Amino acid sequence: MYEPIDQSFFEKDTLELAQQLLGHYIVHEQQTGLLVGRIVETEAYQGPEDRAAHSFRNRRTKRTEIMFQKPGYAYTYQMHTHTLLNVVAGSIETPHAVLIRAIEPVLGMEQMRLNRGAHVKEVNLTNGPGKLTKALGITMQYYGHHLLDRPLFISQGEGRKEIAVSPRVGIGNTGDAVHYPWRFYEKDNPFVSKYRL
DNA sequence: TTTAAGATGCCC
DNA sequence: GGCATCTTAAAC
1 MYEPIDQSFF EKDTLELAQQ LLGHYIVHEQ QTGLLVGRIV ETEAYQGPED RAAHSFRNRR
61 TKRTEIMFQK PGYAYTYQMH THTLLNVVAG SIETPHAVLI RAIEPVLGME QMRLNRGAHV
121 KEVNLTNGPG KLTKALGITM QYYGHHLLDR PLFISQGEGR KEIAVSPRVG IGNTGDAVHY
181 PWRFYEKDNP FVSKYRL
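Note that UniProt numbering has the first sequence beginning at 1, numbered continuously upward.
Hints were generated in silico from the structure; no laboratory data involved.
Treat each hint with caution, since some may be false.
What the hints assert, rightly or not - Straight line, CA to CA, 25 Å or less: simulated DSS-like cross-link-like pairs of lysine-lysine: (1) K161 x K194; (2) K12 x K194; (3) K121 x K62; (4) K62 x K161; (5) K187 x K161; (6) K12 x K187.
As the list claims (entries may be wrong) - Here are the computed distance ranges between Cβ atoms for each label pair: (7) H179 x Q30: 37 to 43 Å; (8) R59 x E110: 28 to 34 Å; (9) R60 x Q7: 19 to 25 Å.
All values reported here derive from a predicted model rather than from experimental measurement.
Think of the CB as a built atom: it goes at the ideal place given N, C-alpha and C, for glycine as much as any other residue.
Using the sequences and the hints, build the whole thing.
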């Protein structure tokens, strides 16, 4: 039923990929069962020109190294107490990534509740980049994992509604980059994260 | 070796 | 609005 998508899917312009990811599934096959979420919000980060990107000015470190590889790898990193998940984008040596900011629970909601806490309302289970990784059980162990490989992969979706666009969330102090319209989400979807400065 | 900062989220 | 709490990078 859920099968990894083709490598060619990742090989497109980064802004295009960020939009194309909307409506596709993230699948995590765990011992406890299948966890599936439908991607409803993404953001593009395009080093070396993009001041908000970790790879700004081709900064190449242990953390950013995966962004210089071929597209389709998972770039996970720790943000305070949370793990955030990116899909590496752009050709080799072009350090782009697409941050997955929100998903809509499709399968395994019981386990997602266990991962997130029983008192959390359904709409708040996965409506943020740190929330969805916790719900899906995604940790730093997936840094450098390729998203065509089980147990964590992208799977073909069944389409999406209208795409809305906005500036990216939570990038203060990055000059012009603050205004780039590189956040994409499915219009009117209740699982999209709250916009913050 | 030490320190600061961060693509967040939860609680007060 | 404060603060948790972890990884990395850059300062010293």
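| message | Under the constraints set out in the numbered hints, which ones does this structure not fulfil? | response | 2, 3, 4, 8
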